[in-house]
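S.K.: For reference, the chains in residue letters:
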Amino acid sequence: MNKTIKFLLAVMVIVVAHPAAARVRVDITKGNIDPMPIAAPDFLGRTEVSTGLARDITGVLMADLDRSGLFSVIDQRAYIERPEGVNVRPRFADWRIINAQVLVIGEVDQLPDGRVQVSTRIWDVYADEQLGAVAFKTPADNWRRAAHKVADFVYKSLTGEDGYFDTRVVFVHETGPKEDRVKRLMIMDQDGANPVPLTDGLDYKVLTPRFSPTQQQITYMALFDNRPGQVYLFNIETGEQEQLGTFRGMTFAPRFSPDGTNVIMSMARGGNSDVFAMELATRRLTRLTDNPAIDTSPTMSPDGKRVGFTSDRGGTQQIYVMNADGSNQRRITFGEGRYQTPVWSPRGDLIAFTRQYQGRFYIGVIRPDGTGERLLTESFLDEGPTWSPNGRVLMFFRETPTRHDGTGGSSVLWSVDLTGHNLRRVRTPANASDPAWSPLLP
Amino acid sequence: MTGNKLLKIAGIAGTFALLAACATTGPDVDASNEVDQTVAAQPSGPAPGSQADLEQSSGHRVFFAYNEYTLTSRAQSTLSRQAAWLKEYPETRIMVAGNCDERGTREYNLALGNRRAEAARAYLVSLGIDGARITTVSYGKERPLDPRSTEEAWSLNRNSTTTIAGVSS
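First to last, the sequence lines map onto chains D and L.
Positions in the first sequence are counted from 1; adding 467 to them yields the working numbering.
Positions in the second sequence are counted from 1; adding 7 to them yields the working numbering.
Read the hints as simulated data drawn from the structure, not as lab findings.
As the structure is a prediction and not an experimental result, all values here were calculated from the model.
Idealized CB from N, CA, C, for every residue including glycine.
It cannot be assumed that every hint is accurate.
[Said to hold, decoys possible] On the chain L side, residues computed to face chain D include the following (Cβ under 10 Å):
1) Lys94
2) Pro97
3) Gly111
4) Ser133
5) Asp153
[To be verified] Pairwise CB distance ranges, derived in the manner of DEER restraints:
6) L:Ala91 with D:Arg834: 52 to 62 Å
7) L:Ser51 with D:Asn702: 36 to 46 Å
8) L:Arg100 with D:Gly887: 46 to 56 Å
9) L:Gly138 with D:Thr681: 36 to 46 Å
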């Protein structure tokens, strides 16, 4: 674990992509009606070791691109040309025949210092021109991250936006009977690889973990048997954790401010829950709402100026937005049913939410001014959306009902594009809930 | 809603207790006249002042309507019996836990469970029980009594549950 975090990826851009007016481009705002056909022959290696590594890297790269829904990766068995190296110009005609629009060619070389260099070129098959090239140097056992970096480079070259493949997800790993689930904090790569438990699940249940936008830190709620649950901070690098303040009442629903300096959360006092901000450096607590209704699930806009939250002050749970100092509280959702768990997009343009309506649960998005509501998913229980760092994909968890004898019933992570397309199951070791996406790794 | 639904709940509670075959954690019924007479008639009843005694003589659990935290008249009578029992055992401290069904979001249900526990606590205090003897906790939707995804199970899972936290010496 430590190694992956401390691992510094040396990035060396060999050739900067030259923006051309006619260059091939994926429009990520319109869903995956027509994913772009892309070919990625196995990366080349000159030794047995580097050849094996190269094949593994290609597999992870292709899986990333395929899962994004923006690309359709052409089956390797259809390829005609066998590329000879990253510095050899491909025979574009061979790739046009199989309808590839984009070709990714790569090479893995072992360096004298024991590391490997992963070099990649992206080609526009129809324009016969290079779209970009990049090389990463990395310890051989961090090849998965190199593959994700290549996938992010392809994504950015073709969409113009940052990718989200070299990221991780924290979530709650669930085992045991529904009446008393063991709930442990777990972390994994965004593609489900390398799952690592971070807590033992013995003394408390972990709920609602959230990633710091700036540090290798998580905030979550610990739910105890015999005292009110409390918000904790967890340092991923050291494994150390600490309770965030000492309060008689329950603290819950924590979330970092976008600059990482504050945790905003709810605190319960005598049956009432309000929203507070705690500055981490000073542990100074500021009250943001003061209302006899339940105010919870705060989320801050990326510019730090506004806070969205759930409140039942109007009779049912609805989403409200206020200034970061608590002033100017106003309701933004007016549809039927209950709107909860607002989560501000890292792009700032949308707020994702969980909506309950007539016995069903939905994940949706709405503009911060309350216009443009769109529902993206629906099931017996969909809850707890989290944004990819580029604001294009949402991950959430979906529960299925138990059978009539109380057994069965699953909790699974899913992802869906902002467009509502490309609903995908996210691989986890067991039942899982409460996903939280990390920022792009440094 | 209250009358019919609570009768239904009591009936379900009985069924569930049989199914679960788990005397200590099975849901109690919500009125003293529904206490199982065969149990009460056994020669050795629960130890006076014990959790089992509390459950048998007053009921340790009260139920709520969907998305609600107001105490029904049945809940109030159960809590009245709890208060009387607590006056019999003035050294006993209790913990009241608020619970919710799975038809809500995790964070809101934590707040709602807190409201339910505090509503029960406030009622006990209004009946003369020292607030210092009562702690509250919310489990939200994390500890359902009945794991089934049915209306019946959800009715049972919307509760506040009183357990003995200790006895002051």
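S.K.: Each hint: holds or not?
M.R.: Hint check results:
{"no.": "1", "hint": "Lys94", "in the structure": "violated, 23 Å"}
{"no.": "2", "hint": "Pro97", "in the structure": "violated, 21 Å"}
{"no.": "3", "hint": "Gly111", "in the structure": "holds, 7 Å"}
{"no.": "4", "hint": "Ser133", "in the structure": "violated, 13 Å"}
{"no.": "5", "hint": "Asp153", "in the structure": "holds, 7 Å"}
{"no.": "6", "hint": "L:Ala91 with D:Arg834: 52 to 62 Å", "in the structure": "holds, 55 Å"}
{"no.": "7", "hint": "L:Ser51 with D:Asn702: 36 to 46 Å", "in the structure": "violated, 54 Å"}
{"no.": "8", "hint": "L:Arg100 with D:Gly887: 46 to 56 Å", "in the structure": "holds, 52 Å"}
{"no.": "9", "hint": "L:Gly138 with D:Thr681: 36 to 46 Å", "in the structure": "holds, 42 Å"}
Of the hints listed earlier, those the structure fails to meet are numbers 1, 2, 4, 7, in rising order.
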